[in-house]
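Peer 1: Chains V, E and Z supply the protein sequences, listed in that same order. Per numbering that gives the first Met the number 0: the first sequence = residues 0 to 394. Per numbering that gives the first Met the number 0: the second sequence = residues 0 to 304. Per numbering that gives the first Met the number 0: the third sequence = residues 0 to 279.
Derived from the structure by calculation, the hints contain no laboratory data. Careful: at least some of the hints might be erroneous.
Said to hold, decoys possible - Cβ pair distances, simulated, as ranges:
{"no.": "1", "chain 1": "Z", "residue 1": "L116", "chain 2": "E", "residue 2": "L168", "range": "47 to 55 Å"}
{"no.": "2", "chain 1": "E", "residue 1": "Q248", "chain 2": "Z", "residue 2": "A46", "range": "18 to 26 Å"}
{"no.": "3", "chain 1": "E", "residue 1": "P91", "chain 2": "V", "residue 2": "T231", "range": "56 to 64 Å"}
Backbone N, C-alpha and C define an ideal beta-carbon position, used for all residues, glycine too.
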Amino acid sequence: MLRCDNPPPGEGLLRVTGIVIEQATRRFGNVTALDAVSLSVAPGEFVALVGPSGCGKTTLMRVVAGIESADSGRIRIGGRDVTGLRAADRNVAMVFQSYALYPHLTARENIAVPLAMRRLSGWQRFPLLGRFMPGTALRRAAIAADVVQAAGSLGLGELLDRRPAQLSGGQRQRVALARAIVRHPAAFLMDEPLSNLDAALRVQTRREIVEIHRRVGAATLYVTHDQAEALTMADRVAVMQAGRILQVASPEAIYLDPQDLRVATFIGSPRINTLDAIADTAGRVEVSGVPTGLQARPGPLTLALRPEDLRLAPAGLPARVEGLEFLGDSVLMHARHTPSDAALVLRLSPEAPRPEAGEGIHLALDPARALLFDAAGRRVTLLDRIAHAPEWTHV
Amino acid sequence: MSDSIAAAPPRHRPLVGEALAGLLLTVPAGIAYLLMLLLPTAATILLAFTDYELGLPGFAWIGLGNFEELLEDRGFAIAFRNTVIYVGLVAPLSILLGLGAALLIEAGIRGRALFRAVFFLPVVSLTVAMAAAWQYLLHPTIGPLNAFLRTLGMTAPPFWLSSSDWVLLSLSAIGVWENVGYNMVLFLAGLTAIPRELHHAAEVDGARGWLDRFRLVTWPLLGPTTLFVLTITMIRSIRVFDTVAVLTQGGPNKASEVLLHTMYKEGFTFLRLGYSAAITLVFLAMVLGLVWLQTKALDKRVHYG
Amino acid sequence: MVEGSKRSWLADAPRLLLLAALGLLLLMPYIWMVSASLKPLDELFRASLNLWPERFHAIENYSKVFNQIPVFQYLWNGLVVCAGILFFQLLFAVPAGYALAKLRFPGRDFVFGLVMLGLLVPPHVPALPLYLAFSQAGLLNTYAALILPFTISVFAIFLFRQFFKALPDELVHAARLDGMGEIEIVWRVILPNAWPAATAFAIFSVVAHWNDLFWPLIVIEGQARATPALGVLYFRSDEAGDDFASLMAAAVIMTLPLVLAFLFAQRRFVEGIATTGLKG
Numbered sequence: 000m001l002r003c004d005n006p007p008p009g010e011g012l013l014r015v016t017g018i019v020i021e022q023a024t025r026r027f028g029n030v031t032a033l034d035a036v037s038l039s040v041a042p043g044e045f046v047a048l049v050g051p052s053g054c055g056k057t058t059l060m061r062v063v064a065g066i067e068s069a070d071s072g073r074i075r076i077g078g079r080d081v082t083g084l085r086a087a088d089r090n091v092a093m094v095f096q097s098y099a100l101y102p103h104l105t106a107r108e109n110i111a112v113p114l115a116m117r118r119l120s121g122w123q124r125f126p127l128l129g130r131f132m133p134g135t136a137l138r139r140a141a142i143a144a145d146v147v148q149a150a151g152s153l154g155l156g157e158l159l160d161r162r163p164a165q166l167s168g169g170q171r172q173r174v175a176l177a178r179a180i181v182r183h184p185a186a187f188l189m190d191e192p193l194s195n196l197d198a199a200l201r202v203q204t205r206r207e208i209v210e211i212h213r214r215v216g217a218a219t220l221y222v223t224h225d226q227a228e229a230l231t232m233a234d235r236v237a238v239m240q241a242g243r244i245l246q247v248a249s250p251e252a253i254y255l256d257p258q259d260l261r262v263a264t265f266i267g268s269p270r271i272n273t274l275d276a277i278a279d280t281a282g283r284v285e286v287s288g289v290p291t292g293l294q295a296r297p298g299p300l301t302l303a304l305r306p307e308d309l310r311l312a313p314a315g316l317p318a319r320v321e322g323l324e325f326l327g328d329s330v331l332m333h334a335r336h337t338p339s340d341a342a343l344v345l346r347l348s349p350e351a352p353r354p355e356a357g358e359g360i361h362l363a364l365d366p367a368r369a370l371l372f373d374a375a376g377r378r379v380t381l382l383d384r385i386a387h388a389p390e391w392t393h394v
Numbered sequence: 000m001s002d003s004i005a006a007a008p009p010r011h012r013p014l015v016g017e018a019l020a021g022l023l024l025t026v027p028a029g030i031a032y033l034l035m036l037l038l039p040t041a042a043t044i045l046l047a048f049t050d051y052e053l054g055l056p057g058f059a060w061i062g063l064g065n066f067e068e069l070l071e072d073r074g075f076a077i078a079f080r081n082t083v084i085y086v087g088l089v090a091p092l093s094i095l096l097g098l099g100a101a102l103l104i105e106a107g108i109r110g111r112a113l114f115r116a117v118f119f120l121p122v123v124s125l126t127v128a129m130a131a132a133w134q135y136l137l138h139p140t141i142g143p144l145n146a147f148l149r150t151l152g153m154t155a156p157p158f159w160l161s162s163s164d165w166v167l168l169s170l171s172a173i174g175v176w177e178n179v180g181y182n183m184v185l186f187l188a189g190l191t192a193i194p195r196e197l198h199h200a201a202e203v204d205g206a207r208g209w210l211d212r213f214r215l216v217t218w219p220l221l222g223p224t225t226l227f228v229l230t231i232t233m234i235r236s237i238r239v240f241d242t243v244a245v246l247t248q249g250g251p252n253k254a255s256e257v258l259l260h261t262m263y264k265e266g267f268t269f270l271r272l273g274y275s276a277a278i279t280l281v282f283l284a285m286v287l288g289l290v291w292l293q294t295k296a297l298d299k300r301v302h303y304g
Numbered sequence: 000m001v002e003g004s005k006r007s008w009l010a011d012a013p014r015l016l017l018l019a020a021l022g023l024l025l026l027m028p029y030i031w032m033v034s035a036s037l038k039p040l041d042e043l044f045r046a047s048l049n050l051w052p053e054r055f056h057a058i059e060n061y062s063k064v065f066n067q068i069p070v071f072q073y074l075w076n077g078l079v080v081c082a083g084i085l086f087f088q089l090l091f092a093v094p095a096g097y098a099l100a101k102l103r104f105p106g107r108d109f110v111f112g113l114v115m116l117g118l119l120v121p122p123h124v125p126a127l128p129l130y131l132a133f134s135q136a137g138l139l140n141t142y143a144a145l146i147l148p149f150t151i152s153v154f155a156i157f158l159f160r161q162f163f164k165a166l167p168d169e170l171v172h173a174a175r176l177d178g179m180g181e182i183e184i185v186w187r188v189i190l191p192n193a194w195p196a197a198t199a200f201a202i203f204s205v206v207a208h209w210n211d212l213f214w215p216l217i218v219i220e221g222q223a224r225a226t227p228a229l230g231v232l233y234f235r236s237d238e239a240g241d242d243f244a245s246l247m248a249a250a251v252i253m254t255l256p257l258v259l260a261f262l263f264a265q266r267r268f269v270e271g272i273a274t275t276g277l278k279g
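The whole structure should be built from the sequences, with the hints applied where relevant.
Peer 2: This is the structure:
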């Protein structure tokens with residue numbers, strides 16, 4: 000599996016348009032917010048930038064937008080080198096977490112601002128008198144038409160003459176989106192736009208945002224701390240932590256094929272199960288003395304398994320059931336790996352037999368889905384499986 | 000089961016305790032309010048319709064007599080006019096300078112604490128003491144200002160505080176000096192309350208210049224603050240007393256006479272308390288008028304929901 | 000504005016220069032006041048533009064002030080009056096503000112209406128009758144006359160009401176569930192939490208009353224109970240504008256306490272005025 004955070008030279012040439020971030024670094028005193036971060040977003044691509052709070056994703060977004068400047072590195076948008084250019088000159092549009100609508104303007108006027116700023120000169124924008132400047136009327140009419148079109152595509156038609164204070168949270172967000180798309184920007188930046196909405200609205204708006212993205216067709220960089228949002232919306236997901244991008248890949252690859260233990264633990268809910276393992280000199284991987292049937296280079300390892308990749312079995316890893324949670328479509332079983340006392344979560348189908356709390360059980364793993372990471376957290380490739388399998392069943 | 004619940008004796012009903020506590024807690028303030036504010040104000044209102052003079056035995060109800068006299072009184076007319084001029088000079092200038100100072104301070108990181116302290120100093124300085132300092136500064140013969148003007152070539156620099164042409168202007172300048180810091184602090188608070196994301200959004204939307212961002216974000220969002228500062232400054236200016244009492248006593252020839260100083264003189268120098276009360280009512284009416292204007296403006300566009 | 004690294008000194012220069020120019024203009028009275036207080040009178044009369052005195056006369060000027068006027072008496076009076084006013088203001092306003100904010104009792108809205116009405120009336124309006132009353136009661140020239148009229152601060156009541164309104168109701172409910180009586184709640188829960196608003200108001204109140212000339216001028220005669228503001232006025236009238244040097248020294252001495260307090264706790268002051276201003 001290729002790590003995509005540093006594209007090989009040849010591949011870089013294919014991505015001259017869209018957003019290209021090269022080695023962006025930003026320090027605040029002793030804290031390194033961005034550590035030589037590189038990322039590219041192709042035109043029309045939706046890349047979700049996800050990570051825990053404080054990982055630097057908002058800083059990166061601000062650097063791309065031009066609101067903050069990086070200490071070093073280059074930013075290219077739409078084929079132009081925009082490093083050093085201010086936000087107003089970068090041809091980007093941004094949707095902010097709090098929507099940042101101008102409270103004294105109507106929705107219509109809010110959406111018109113980016114167009115007015117760019118198409119009207121300072122004199123034409125002069126309060127009261129600007130209308131009488133030559134050429135203003137035509138331009139204003141064109142702007143009004145564009146506003147109506149953008150608003151219409153988001154279903155805002157009747158709300159255009161209201162002020163933000165008179166709109167609901169979801170409606171305000173649409174106005175913010177309309178303001179962003181009205182300009183047909185080369186890059187579309189979104190900073191946790193769903194975090195202020197309630198849960199039901201969030202799920203619905205997710206789809207709408209993806210729809211808008213497809214319609215607009217610009218390169219979209221979407222920042223979120225919610226990994227479910229990232230997985231469901233993006234073409235590619237970039238996982239970030241402590242100022243570094245750990246992995247950039249498709250959602251499936253991020254989920255099934257994480258290259259770093261931190262990516263594996265951050266993505267996926269419930270959290271992936273991790274167990275301390277060790278590969279002996281013959282390469283056999285064991286967990287607290289129990290063989291797993293996996294083969295890897297000798298050394299200490301971490302074995303990681305998704306909740307759906309563990310099964311109840313007659314023999315295997317010993318554990319003790321702590322509790323069960325009925326979710327409707329599945330059952331989550333919480334257990335403790337007896338030798339190491341590590342917490343484990345299994346996802347069972349509702350029809351499967353459910354053990355009682357306190358019961359001792361054994362767990363088998365799916366070797367095709369087992370993930371091994373070395374002591375430094377890097378993904379380790381599995382060697383050929385041992386032909387001789389212990390007495391427990393694999394699925 | 001339900002029987003046992005119904006039979007359980009009720010505990011003390013907290014609502015009675017709450018109401019009683021509420022009344023008890025308000026009573027001390029209420030008494031002070033009554034004695035120190037309500038009754039005296041009512042008394043002032045009543046006094047304004049009498050001809051009471053301190054030292055004279057009786058007094059009579061004279062209805063609107065005092066107010067009629069006020070209308071005829073040239074001295075009062077001058078005081079009224081002077082007060083209006085003073086407010087008209089001090090309010091706009093101190094607001095503009097206060098806003099300017101706040102914007103400048105907010106625009107960068109360096110020196111914020113220092114300049115904030117410098118601009119705010121007049122507010123915490125003893126007004127009377129600073130008035131004395133101004134008297135020295137503006138002194139026609141030994142004052143540094145005129146000394147400086149003389150070095151520039153002016154042979155007869157003005158008598159700032161003793162010339163009827165200049166005195167009101169000088170007092171207004173001192174008034175601006177006194178109020179700039181106060182307004183600056185209020186504007187600073189208003190500026191920091193503007194969410195930073197709005198400035199970012201304006202940047203991304205294409206507001207390049209400082210003027211663009213000021214018109215799009217800063218000025219509209221300062222609306223409530225600006226209105227508040229305007230009202231506060233005007234009320235503070237109407238209340239001008241200290242500088243007049245210390246520096247000019249209303250002279251020369253009533254050129255710097257102002258409302259409150261006239262009220263003070265009528266009441267405590269001439270002992271015409273009824274008349275003085277009438278002046279007080281005019282003063283009160285002006286203040287109320289200003290507050291009413293502010294409330295009207297508040298109903299309109301200044302607050303965006 | 001692009002955030003990030005501090006703008007270079009060059010880019011910041013126009014702003015700093017402008018601020019410095021304005022600041023210097025504002026500091027002129029102070030600079031000259033201090034300068035004059037250090038000079039002998041004949042030097043003052045020469046009206047030179049030198050800030051630094053040719054002959055250092057500070058000791059003479061300042062000692063004249065201390066000899067002629069009871070400086071510490073005035074400062075002490077100012078302290079007593081401001082502290083006394085503040086004490087009573089808080090004593091009355093904090094409970095009332097809490098009651099208006101969190102408790103339901105008959106007449107609450109009426110009381111709040113009175114508070115709002117009181118905000119409109121400047122302190123100069125009740126002055127005349129209060130003077131008459133104090134005069135009748137023989138209370139002129141006392142601390143009582145200086146303190147009592149200001150013990151009711153509707154502004155403080157309004158401020159504390161707004162502040163307490165912002166406190167979560169659950170605080171009071173939890174205390175009630177714990178079995179605390181209403182008065183106990185005020186003592187144990189509300190007062191400790193009132194600290195931020197109290198300090199903000201305290202600053203506002205002290206600045207206002209330290210500076211007040213109008214009321215002391217009305218009720219005080221003579222030096223015994225004169226406040227600093229009145230003291231400076233007396234000194235000026237006595238000197239009839241002749242000895243400017245010692246007058247400036249007196250001005251410096253009387254201004255110094257609050258200025259020092261301000262410089263020491265600068266941020267608190269500015270925050271205090273801003274909070275009270277914007278809430279009011």
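Peer 1: Please go over all the hints and tell whether each is borne out by the structure.
Peer 2: Against the structure, the hints come out as follows:
About 37 Å separates the C-beta atoms of L116(Z) and L168(E), a value inconsistent with the hinted range of 47 to 55 Å. The supplied range of 18 to 26 Å is met by Q248(E) and A46(Z), whose beta-carbon atoms lie about 25 Å from each other. Checked against the given bound of 56 to 64 Å, the beta carbons of P91(E) and T231(V), roughly 57 Å apart, stay inside it.
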